[in-house]
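Single-letter residue listing:
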Amino acid sequence: MIPASSPSTASDKIVSVRDLKFTYEGGIQALKGINLDIRRGEYVAVVGGNGSGKTTLAKNINGLLRPTSGTVMVNGRSASDLTVAQLARVVGYAFQNPDHQLFCSSVVDEVRFGPQNMGFTQEDISTKVERAIEAMDLKGQRDQPPLSLTLGERRRVSIASVIAMTPEVFIVDEPTTGLDARETDDLMASIDRLNQEGRTVILITHDMNLVAKHARRVLVMSEGRIVLDSDPGGAFSDLELLLQSKLVPPPVVQLAHRLSGLGVSRETLSPGELVSRLMLGGGEAK
Amino acid sequence: MIQMRALAAQNVRFKYSGSEHWALDGLSLDVEKGEFVSVLGCNGAGKSTLCLLLNGLIPHAIHGELQGNVEVFGTDVTKKTVAELSTQVGIVFQEPESQLFCMSVEEEVAFGPENLAVPREEIRERVEWALDLVGMSGYNDRSPFSLSGGQKQRVAIAAALSMRPEMLVLDEPAYALDPVGRTELYQFLRELKVRHGMTVLLAERDAEEAALFSDKIVLMKDGRQVAAGTPREMLHDPDKLRAMGIVPPQMSEVASLLNARLPGANFSFITVDEAERAISQSVVGRKVRRSR
Amino acid sequence: MTGFIDLYTEADTFLHRMDPRVKIVAVLLVTILGLVLSSLYSLLVLLAFIFVMLFLARATFSRTVFALKFVIRFMVLIILLWPIFDPSGTPVLASLGPVKITEPAIWRGVTSAARVGCLATVWYILMFTTSQRDLVRALVKLGLRFDFGLALAISLRFLPTLSATIDSIKDAQRARGLELDKGGLLKRARNYVAVLVPTIVSALRTADTLSLALQSRAYGARADRTYLRDLRMRSADIAALVLLVAIFVVPTIAKYLFAAPL
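Quick mapping for you: the protein sequence lines, in order, are chains A, B and C. The first sequence begins at 18 in the numbering used here and counts up one residue at a time. The second sequence begins at 239 in the numbering used here and counts up one residue at a time. The third sequence begins at 152 in the numbering used here and counts up one residue at a time.
Treat the hints with caution; some may be incorrect.
[As the list claims (entries may be wrong)] Below, a sample of chain B positions facing chain A; criterion: calculated Cβ distance under 7 Å: (1) V372; (2) M374; (3) G376; (4) D416; (5) R443; (6) R480; (7) V485; (8) E491; (9) V492; (10) V510.
[Unchecked claim] These stretches of chain A come out as covered by chain C in the derived footprint (C-beta under 8 Å, 3 or more residues): (11) 76-87; (12) 107-113; (13) 117-130; (14) 162-173; (15) 178-186.
If you are wondering where the hints come from, they were derived from the structure by calculation, not from laboratory data. From the three backbone atoms N, C-alpha and C, an ideal C-beta is built for every residue, glycine too.
Put together the whole structure using the sequences plus the hints.
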């Protein structure tokens, strides 16, 4: 599916994927022809059930996987021409399991690791590290060993260590798994801020509630293809498609669909929106 | 006649050895036989600690200071070994990967009864029964590594069930599952309770499914019980739940907002079905219909 | 990484069906026989016998060569290097300074290589026809303590998981700019710390949960545990065992008691 076009220059597109196909060594074809343009500053959610190809797509963008066929352009250059380390300067990737990254004896050291590998100057590194620690609310934990922190804190350290490399694009994989309501809100607020500061954010998740609240563009993936590319409202209006893609629409969306006979829009995303639309009819309780 | 409770915990306090902080700090909790109880709380509320207490891992395998009274099916957990309690209480941990250690599904499910020297024929029956129950019949020779997350979880449950416990304790069982897997898991647990009389206790951070399937909801914070009651009683106040770090059911948020905006309204639904019914029948619904 | 340990391929041959204990004993006997025999001809006969077993196990030539590629390289190395380091015997075919290439040395090299080939191939057949499950069960039945057998089984079961975790960790660190294949030895060693620490932490966390899971299933509750599946020797297995012992005993006695040139 081709997204709605809008007037833009080529340099607007920070990630461009054309006919990307990828097959794993065992023979499983995880991506069956992806066409995608992501513009600078977008906040994209890539959703799909397990095995839909969302992580495979992300790894093709940051070079951890190389296309079996098709092209991936990052910031105007072909990803195949760049090593993973080189791509890491433009595309940051925070993995789902933060414990697969943490190994230093303090949070500061951990956050320094990425920028040091990038070869920035010492001064530059210090600035970036401080900014990242502040952006992810880790000032209080800066000298503590990352492994002694709670899951929510470890996630934030992992994300801080990636954004300290100041990539333009930030891919985050299932950041809220295992977090409670408060931790989720805090973490997503930090990620929202990153986007507000100009970073392109790609959020990989199967939690539709998160998508409804935060993303501005949704790519629904199923069995290696993008089956829907639209704004969240549009994505939720097709319940059938969501269910087929092994996604569960949030209860609010389900309710909105059921009450559509009462004039409630199918594109309702949040309880607040639903109530407002209901109230358009005005009135008092019986 | 006094009916024996599945769980009777009074004023339980527990501190992990080496820690200053009381993970459980005055917890009292009752669970009746055959109840499906969801214990909700934020990370650090003590839910996992509670789970580990129920089959005796605390205090026998995990050391620390335990105070108070914990009785499972009438037995004091401090007075029986984990092995003895394992035939009454089965436990399933968060990560399916790390609790499946045998080379095949069949061995995994047979492991428990084998340790108890159950006769071979009976082990065979139990294995088939447990696998059938979780929908994994025929997977006997598969290796755990080759299974999907949801399948691994089911094998872990089967492995606990083959010990024929009366209560199944699950610590954040949907952790590694996608949304469809979550719903299926909860539906399965409900079936287990309804068809087989199993007492189910699970620990969760998200109230959405718990609202649909539980008999009783217990809210935990700072190592103790804050409140317990039916799903409707416990989950109708989304602000209170959020303050406790629990994700409230979206419908309760809708109800709460409607009540705030409509003077005199008293909506109280926590599921989509209830919400649809209540709103369609209410004045608001009628008004909206009229104005279209 | 796990390919080394998990060579098992399911098939329905008599070797696959043979009791794993018999197979283990067979491999041990053949190994010892391979060390006992010193004449090239007898070793070639043994090798031929082993190839016949390989064929009967339905192991394809290409797979065997792939699995044994290091062994084959090693064998070639032995054949090439032995004459260089063994200057004894006549006739001398070539010489350069202290190095003398003699005909007997060449044959000795070939003999050693044949021996290595026999040993490696027979172990390969064992791995190819016996699942890890059966191997561990056989060891326990042969006297290995159950706990050791369980520890071995658990380690084998977690090898692929560990391998996948390491891959994931490598990916995560590469995404932070870590380049594992660059730099001198010291730098590379330091780089590997970034992979080693998370791996060990992950392994320890798994071990923790594992230990709780084991206890929750009454592990160690009684000394007299039962087994769902048990190994039972069929008459075919016993016959095979008798035959194997004969194959081992006859040449050994012939060689040591009757000085046969084997």
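Hints, verified against the model:
Taking 7 Å as the C-beta contact cut-off toward chain A, the hint placing B/V372 at the interface is violated, the least distance being around 19 Å. Hint status for B/M374: violated, given a least beta-carbon distance of 18 Å to chain A, over 7 Å. Here the hint on B/G376 is broken, as its CB sits about 21 Å from the closest CB of chain A, past 7 Å. At about 5 Å, the closest approach between the beta carbon of B/D416 and any beta carbon in chain A falls short of 7 Å, and the interface hint on this residue holds.
Proximity of B/R443 to chain A holds as hinted, the smallest CB-CB distance being about 5 Å (cut-off 7 Å). Interface restraint check: B/R480 against chain A, minimum CB-CB distance 5 Å, threshold 7 Å, status holds. The interface hint given for B/V485 holds, since its Cβ lies 5 Å from the closest Cβ of chain A, which is under the 7 Å cut-off. Given hint, B/E491 at the interface with chain A, holds; its Cβ is 4 Å from that chain's nearest Cβ, closer than 7 Å.
Given hint, B/V492 at the interface with chain A, holds; its Cβ is 5 Å from that chain's nearest Cβ, closer than 7 Å. At a threshold of 7 Å, the smallest CB-CB gap from B/V510 to chain A is about 5 Å, leaving the interface hint in force. Counting residues of the segment 76-87 of chain A whose CB falls under 8 Å from any CB of chain C gives 3; the rule of at least 3 is met. Chain C is given as covering the segment 107-113 of chain A, and this holds because 3 residues of the stretch bring a CB closer than 8 Å to a CB of that chain, at least three being needed.
For a cut-off of 8 Å, the count of residues in the segment 117-130 of chain A with a CB near a CB of chain C stands at 5, and the three-residue condition holds. Counting residues of the segment 162-173 of chain A whose beta-carbon sits less than 8 Å from any beta-carbon of chain C gives 1, not enough to reach three: the coverage restraint is violated. Here's how the segment 178-186 of chain A fares: 3 of its residues keep a CB closer than 8 Å to some CB of chain C, so the rule of at least three is met and the hint holds.
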